[in-house]
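Please put together the full structure from these sequences, using the hints given.
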Amino acid sequence: MDEARIPVLIGGGQITQRDVEPEEALEPLALMREAALRAADDARLPRSALAKADLVAVVNILSWQYANPPAALAAELGAHPQRLWLSSWGGNTPQWLVNEIASRIATGEVSLAILAGAEALATTQRAGRKGVPVQWRAGAVEGFAEPTTMGSFRPGGNDHESAHGLVLPIAIYPLFENALRHHYGWTIEQHRQELGRLCARMTEVAACNPYAWFPQQRTAEEITTVSAENRMVCFPYPKYMNAIIEVDQGAALLLTSAAHARALGVPESRWVYLWGCADTQDHWYVSERINYYSSPAIRVAGEQAFRMAGWSIEDVDFVDLYSCFPCAVQLGRDALGIPRDDPRPLTVTGGLPYAGGPGNNYVTHAIATMLGVLREHPGKRGLVSGVGWYVTKHSIGLYSTERPPRPFLREDPATYQERIDAMPRPEVVQHPEGRGCVETYTVVHGRDGAPKHAIVIGRLEDGRRFLANMEGDPDLLGAWEKEEAIGLWGTVCAGQGKNRFTV
Numbered sequence: 000m001d002e003a004r005i006p007v008l009i010g011g012g013q014i015t016q017r018d019v020e021p022e023e024a025l026e027p028l029a030l031m032r033e034a035a036l037r038a039a040d041d042a043r044l045p046r047s048a049l050a051k052a053d054l055v056a057v058v059n060i061l062s063w064q065y066a067n068p069p070a071a072l073a074a075e076l077g078a079h080p081q082r083l084w085l086s087s088w089g090g091n092t093p094q095w096l097v098n099e100i101a102s103r104i105a106t107g108e109v110s111l112a113i114l115a116g117a118e119a120l121a122t123t124q125r126a127g128r129k130g131v132p133v134q135w136r137a138g139a140v141e142g143f144a145e146p147t148t149m150g151s152f153r154p155g156g157n158d159h160e161s162a163h164g165l166v167l168p169i170a171i172y173p174l175f176e177n178a179l180r181h182h183y184g185w186t187i188e189q190h191r192q193e194l195g196r197l198c199a200r201m202t203e204v205a206a207c208n209p210y211a212w213f214p215q216q217r218t219a220e221e222i223t224t225v226s227a228e229n230r231m232v233c234f235p236y237p238k239y240m241n242a243i244i245e246v247d248q249g250a251a252l253l254l255t256s257a258a259h260a261r262a263l264g265v266p267e268s269r270w271v272y273l274w275g276c277a278d279t280q281d282h283w284y285v286s287e288r289i290n291y292y293s294s295p296a297i298r299v300a301g302e303q304a305f306r307m308a309g310w311s312i313e314d315v316d317f318v319d320l321y322s323c324f325p326c327a328v329q330l331g332r333d334a335l336g337i338p339r340d341d342p343r344p345l346t347v348t349g350g351l352p353y354a355g356g357p358g359n360n361y362v363t364h365a366i367a368t369m370l371g372v373l374r375e376h377p378g379k380r381g382l383v384s385g386v387g388w389y390v391t392k393h394s395i396g397l398y399s400t401e402r403p404p405r406p407f408l409r410e411d412p413a414t415y416q417e418r419i420d421a422m423p424r425p426e427v428v429q430h431p432e433g434r435g436c437v438e439t440y441t442v443v444h445g446r447d448g449a450p451k452h453a454i455v456i457g458r459l460e461d462g463r464r465f466l467a468n469m470e471g472d473p474d475l476l477g478a479w480e481k482e483e484a485i486g487l488w489g490t491v492c493a494g495q496g497k498n499r500f501t502v
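Note that numbering that gives the first Met the number 0 has the sequence shown beginning at 0, numbered continuously upward.
Simulated from the structure, these hints should not be mistaken for laboratory data. Model, not experiment: these values are computed from the prediction. C-beta: ideal position from N, C-alpha, C; glycine also. There could be a bad hint or two in this list.
[Stated by the list, open to error] Restraint-style ranges between C-beta atoms, simulated for each label pair:
| # | residue 1 | residue 2 | range |
| --- | --- | --- | --- |
| 1 | VAL133 | ALA413 | 37 to 45 Å |
| 2 | ARG343 | ARG463 | 39 to 47 Å |
| 3 | ASP340 | ARG405 | 27 to 35 Å |
| 4 | GLY130 | ALA258 | 52 to 60 Å |
See below:
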């Protein structure tokens with residue numbers, strides 16, 4: 000095979016900034032710069048080699064708005080690349096960008112690429128609480144073109160969903176979690192115990208990760224017990240089960256061809272190959288999903304990536320499943336065919352609730368960590384997955400230090416996306432009236448820990464789906480956290496802007 004057409008990852012760098020006063024904290028651009036320099040060190044390259052990059056890609060930043068983030072990073076590194084990419088939103092975007100960059104390397108369009116992202120929400124939040132303005136850069140960088148926007152900025156929900164509280168991930172992912180519980184046939188107590196075990200195993204990994212935001216091990220009981228420090232957010236997730244976005248973290252990756260890596264003098268012991276990849280999306284709107292206990296798109300993405308690599312899930316040694324909330328891990332595990340009692344840890348970082356959830360950029364950290372794990376275990380194989388919006392967008396990468404026996408040929412995702420798009424979707428009634436059955440639900444709590452209202456997704460007697468809220472009675476809301484409400488029949492009626500469900 001022509002080494003000039005074989006994409007390889009040669010470096011990964013990470014930085015976590017803790018306990019720094021706002022006046023002294025590194026801004027996201029500086030965190031990206033440091034991560035990129037560390038990626039050069041990881042590749043055994045002189046840091047000056049980054050100036051030769053012909054593509055700089057940046058994962059969209061939430062904590063600070065730069066006029067042209069990839070140009071600003073390129074200028075910091077002394078580079079003047081032909082291509083500047085800025086991603087859209089979504090936790091899948093780092094893996095998707097790796098897949099895109101690898102394709103460009105395989106066709107000879109890109110020689111050396113830097114992919115980076117960073118967030119400093121911990122600092123901006125701390126500064127806000129102290130009343131201290133952050134003095135970070137924001138202006139345009141002269142001498143650079145505008146970046147190419149990679150991906151779509153299509154909103155993740157619609158107005159009807161927003162009217163019923165389906166806006167924030169903390170309120171939407173619990174809908175999937177409760178549906179999973181019912182699908183598995185667990186009681187609420189059994190479910191609590193299972194979630195505790197799942198999350199406790201993740202904290203074991205985070206405790207050994209030097210870049211984790213919370214490098215500490217927690218017991219299952221600590222994670223599941225509601226307390227002043229671990230308040231219930233949206234049932235069944237107390238705070239310790241939610242992704243933590245208020246972090247200061249940055250990560251970067253270096254990608255090139257095998258031929259260019261050799262020319263640069265990067266030792267082959269640093270090379271990690273992308274064997275297989277895939278990118279899919281489920282039916283876009285949450286209200287139109289086939290059900291809330293499975294992801295057909297993850298299943299199709301897994302099938303496609305494994306077909307490209309010539310692997311099966313049994314061939315994978317190390318896994319990092321996207322983990323913004325426990326249901327994301329379980330949906331990925333089930334769709335990829337990983338047994339529930341599989342001994343393999345499902346994260347190499349510790350996951351977003353424990354290693355940290357830096358906006359759209361977590362998966363850059365996961366891939367950087369996976370590079371190190373695979374180098375420590377030559378010949379072993381790794382899988383990294385990313386999820387965007389509300390179990391909506393999905394990207395998968397399969398990695399190994401072994402060279403693939405076939406050329407890198409990434410199939411156009413549109414060809415297999417057609418299979419998912421053709422799957423049935425329920426009719427959603429915007430103004431329902433009559434008897435309705437709970438398909439899934441969550442109880443939303445205030446910051447004081449008290450239940451405020453329930454979000455209900457249900458079915459009318461004719462099978463059409465509806466969205467509704469249940470307000471009021473704290474005792475009734477509390478009962479839905481103690482006894483299964485899925486399958487419960489009640490009455491739904493249309494209201495002004497919101498539908499109401501009563502039992």
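Results for each hint:
1. VAL133 with ALA413: 37 to 45 Å: holds (41 Å)
2. ARG343 with ARG463: 39 to 47 Å: Since ARG343 and ARG463 have Cβ atoms about 41 Å apart, the given range 39 to 47 Å holds.
3. ASP340 with ARG405: 27 to 35 Å: holds (34 Å)
4. GLY130 with ALA258: 52 to 60 Å: 54 Å Cβ-Cβ, so the 52 to 60 Å window holds.
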